[in-house]
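Student: Here are the chains, one letter per residue:
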Amino acid sequence: MLDFLIRFIPRAVGQGIPLMYGSVGETITEKSGNLNLGTAGIMYVGGICGVIGAFLYETGNKTLNPFLGIFIPLGCCIAGSLAMGLLYCFLTVSLRANQNVCGLAMTTFGVGFGNFFGGSLIKLSGADVPSIALSKTSGLFSQKLPIADQAGWFGKIFLSYSFLAYAAVAIALIASYIIHNTRTGLSLRAVGESPATADAAGIDVIKYKYVATCIGAMISGLGGLYYVFDYASGVWSNDAFGDRGWLAIALVIFTIWQPVHSIWASIAFGGLYILHMFIPAGTNLAIKELYQMAPFLATIIMLIITSIRNRRENQPPASLGLSYFNME
Amino acid sequence: MDAKTPVLGLSHLTKRFGKVVANEDVCLDVYEGEILALLGENGSGKTTLMNMISGIYFPDEGEIYFKGEPVVIASPKDAFSLGIGMIHQHFKLVDILSATENIILGMEEKPDLNKSADRIKAICEKYGFDIDPYKKIYEMSVSEKQTVEIVKVLYRGAQLLILDEPTAVLTPQETEKLFEVLRNMKKDGKSVIIITHKLQEVLDISDRVAILRKGRYICDVETASANVQELTDAMVGHSVSLNIERPEPVNPKKRIVVENLTVFDEEGVCKLKDVSFTAKSGEIIGIAGIAGNGQKELLEAIAGLQQVDSGHIYYIGDDKSRQELIGKDPLEIMDLGVSLSFVPEDRLGMGLVANMGLADNMMLRSFRKGNSVFTDRKRPRELAASIVERLEVNTPGIATMVRKLSGGNVQKVLVGREISTAPTVLLTAYAVRGLDINSSYTIYDLINQQKKAGVAVVYVGEDLDVLLELCDRILVLCDGQVSGLLDARETDKREVGYLMTNLRGEAHAQ
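Going line by line, the protein sequences match chains R and W.
Following this note's numbering, the numbering of the first sequence begins with 1 at its first residue and continues without gaps.
Following this note's numbering, the numbering of the second sequence begins with 1 at its first residue and continues without gaps.
Some hints here could point you the wrong way.
[Said to hold, decoys possible] Simulated crosslink set (DSBU-like; lysine-lysine; CA at most 35 Å straight-line): (1) K328/W - K369/W; (2) K207/R - K135/W; (3) K77/W - K404/W; (4) K145/W - K186/W; (5) K288/R - K144/R; (6) K207/R - K186/W; (7) K145/W - K207/R; (8) K92/W - K126/W; (9) K328/W - K378/W; (10) K186/W - K67/W; (11) K207/R - K92/W; (12) K207/R - K121/W; (13) K207/R - K296/W; (14) K19/W - K198/W; (15) K77/W - K207/R; (16) K187/W - K92/W; (17) K214/W - K404/W; (18) K207/R - K404/W; (19) K404/W - K92/W; (20) K198/W - K126/W; (21) K186/W - K136/W; (22) K177/W - K115/W; (23) K288/R - K123/R; (24) K67/W - K77/W; (25) K67/W - K115/W; (26) K253/W - K187/W; (27) K320/W - K296/W; (28) K207/R - K67/W; (29) K207/R - K115/W; (30) K135/W - K296/W.
Since the hints were made in silico from the structure, they are not lab data.
Since the structure is predicted, the reported quantities are computational estimates derived from the model, not experimental observations.
Build out the structure end to end from the sequences listed, making use of the hints.
Tutor: Written out as structure tokens, the structure reads:
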């Protein structure tokens, strides 16, 4: 049993971390009343921007400076996601365009953007497989805690992850604290619930929406970065990121807009995602396909459950998806 | 008066929205420790004027003085820091937050909920409020929410409070309590501006009355020397008859008989319990009750729009035939001549389609008629034109989208259409909600005409003074149950108000 857990949990966590980044980022965004369905696209953009940065740095240098090797992809990823967040805000907050349409368009755009540059880099690198491997950068990103190997099963289950994984948990905890215990969080919740009320109370609604959405976008983008450099060992291939962005959005509902719940929920979802790898060898392929459905089935069930729950605190922010007009 | 200093001075304020002039050249002083009532018809610019003081709008011309100094109020924050607080008609509260969280929202201080809650309790004690600082807004009654709004501005140290139609949503008892609080504030040296349509309240609470008409300042009067007729005339600009007619019912016959009606809503909450009454032709039966006590469900049950759990609703024809309405299609009920005009809080929610023109909205009632595959557009157009003319609807044309009309005009269109179908039963709820005196009286006249024509009218109303003057009998609902059926000619406001908050048994024991 322990043996199974030692094999299973680290993989589940690896799958869960991108979801955690995505859902925490989206939760912060939604708290401001912006329903950013572009999260899936933003995670793609975050991933590919990191890849571009790492590619340029790795091809130009024989040996990597560990600091630059991490900082360059990280910076590129954050800049790319921030640009997406700003674009979304400009469209929906400043121009008051429909949030659903903009979000969907940005997802399409983000995936296309990723595949376009991913494809170009694959051509540039002259690889004979349709992917690009940045193993040196990945080596930097996927460094485990140094004591992981000496701590036995405990080390394998809890300590064998890279800094981005721990950062995800930390971000979720910090976001939760800020939302529930600070003045900024109170104002943010008010903006998402009732922007007119917030405005009348002297809160700068536009600023809060911009800042929350951009921070949310940057956090989501890190999910893409983690996926490429840690989970996928630095290998970018087009469309490999798959539906994870949508799962992240579904997780926001599952966690009833509380980032702290995202920590366990993301990992549980990650577990469902890889469950099919752990069925005994030789099982009928059709059954394997059924297992692969697990996370999506769970999403549907959980959406039904959450729509039945009717405690007011567990509802989405009341003005989610609505544009705010300053003059009533 | 001379000994007092003006807290707030408005000098030649003008505000335009595009071509529409909302306020023109308004000059007004508010003194320390006084309650000023601001009177005016719908669209006379009262709210716009107050919004300029509280920083929501910025005046195009003119100046605002606070304690003698010229000030610029560019945002609600500026208004707060001067000590001006406004309580809006639609509460600006976040439902899922507690009273305390709402009160400290947007303030620069460090959030310490317990300390803030203590300060809130102290304020409540000082002025005679009663709220639980930890209660969530969505669990509160309307009057509690209003209290939170008032405490919110006091918490921020307001010297001048502006209340926009605070009593529209309160029971008489709650209103009395609010006025008590306002008097306490006045004693404390604070100034209050109150907007209300109810003249009796103006006379009760205010020291001075200022009147606006069509965006202009008309005059101000000491309340002690004012009377209802004078105030109305000044407000409307010409003399208005203030008596609501109440003709004796002619030959009343049973029309709608409701027996033991019980309704549960989707969440299994009991909305109506064991309600029985009879509506007679040629008579107006008023339904009194605090909003949300089953009025909506009752009317909708009669109109066939509400699922009924038990009980009966009979329609009695002229030939004494009895027809069960429960289970009938709303269309069939409509064909019997039962007409529903419900004016919800947002006015456009039911009955009219905001993005359609007047004529098209008329068609909603008539498009099924006729045998042709094409709809008849001519008659609705004529009907719209005649309603516009008869009810003096202020609209650029009959093709204008309904949402562009002001609230009063929208209501006239809705009530006008319902009446035009020549109903035998007219169900109307909040027909004068938010309307000024002039428009209200037009609507009362319309309802009375229907009564004289032998229609059984069920009138759900908010203003008890009007219910008492207009209706023949008053059915009081409390918590979905009938707490009393009164003869409107013999009862008084106190009794009705009491029944609204207390069930039958307890009430009569008093």
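Student: Would you mind marking each hint as holding or not holding in the structure?
Tutor: Going through the hints against the structure:
1. K328/W - K369/W: 19 Å, holds
2. K207/R - K135/W: 29 Å, holds
3. K77/W - K404/W: 31 Å, holds
4. K145/W - K186/W: 21 Å, holds
5. K288/R - K144/R: Distance ~31 Å between K288/R and K144/R Cα, so the pair holds.
6. K207/R - K186/W: 38 Å, violated
7. K145/W - K207/R: OK: K145/W and K207/R at ~28 Å, within 35 Å.
8. K92/W - K126/W: 24 Å, holds
9. K328/W - K378/W: Holds - the C-alpha atoms of K378/W and K328/W are around 31 Å apart, at most 35 Å.
10. K186/W - K67/W: Within the cut-off at roughly 17 Å; holds.
11. K207/R - K92/W: At roughly 20 Å apart (the allowed maximum being 35 Å), K92/W and K207/R satisfy the hint.
12. K207/R - K121/W: 33 Å, holds
13. K207/R - K296/W: Since the Cα atoms of K207/R and K296/W sit roughly 41 Å apart, the hinted pair is violated (cutoff 35 Å).
14. K19/W - K198/W: 30 Å, holds
15. K77/W - K207/R: Satisfied, since the Cα-Cα distance of roughly 15 Å is no more than 35 Å.
16. K187/W - K92/W: Holds: K187/W and K92/W sit about 27 Å apart, inside 35 Å.
17. K214/W - K404/W: 18 Å, holds
18. K207/R - K404/W: At roughly 31 Å apart (the allowed maximum being 35 Å), K404/W and K207/R satisfy the hint.
19. K404/W - K92/W: With a Cα-Cα distance of about 24 Å, the restraint between K404/W and K92/W holds, given a limit of 35 Å.
20. K198/W - K126/W: It holds: about 28 Å lies between the C-alpha atoms, which stays within 35 Å.
21. K186/W - K136/W: 29 Å, holds
22. K177/W - K115/W: 27 Å, holds
23. K288/R - K123/R: Distance ~34 Å between K288/R and K123/R Cα, so the pair holds.
24. K67/W - K77/W: 18 Å, holds
25. K67/W - K115/W: Roughly 31 Å between the alpha carbons, so the hint for K67/W and K115/W holds.
26. K253/W - K187/W: 55 Å, violated
27. K320/W - K296/W: 28 Å, holds
28. K207/R - K67/W: 33 Å, holds
29. K207/R - K115/W: 29 Å, holds
30. K135/W - K296/W: Holds, at about 27 Å.
Violated hints, listed in ascending order, are 6, 13, 26; each of the other numbered hints is respected by the structure.
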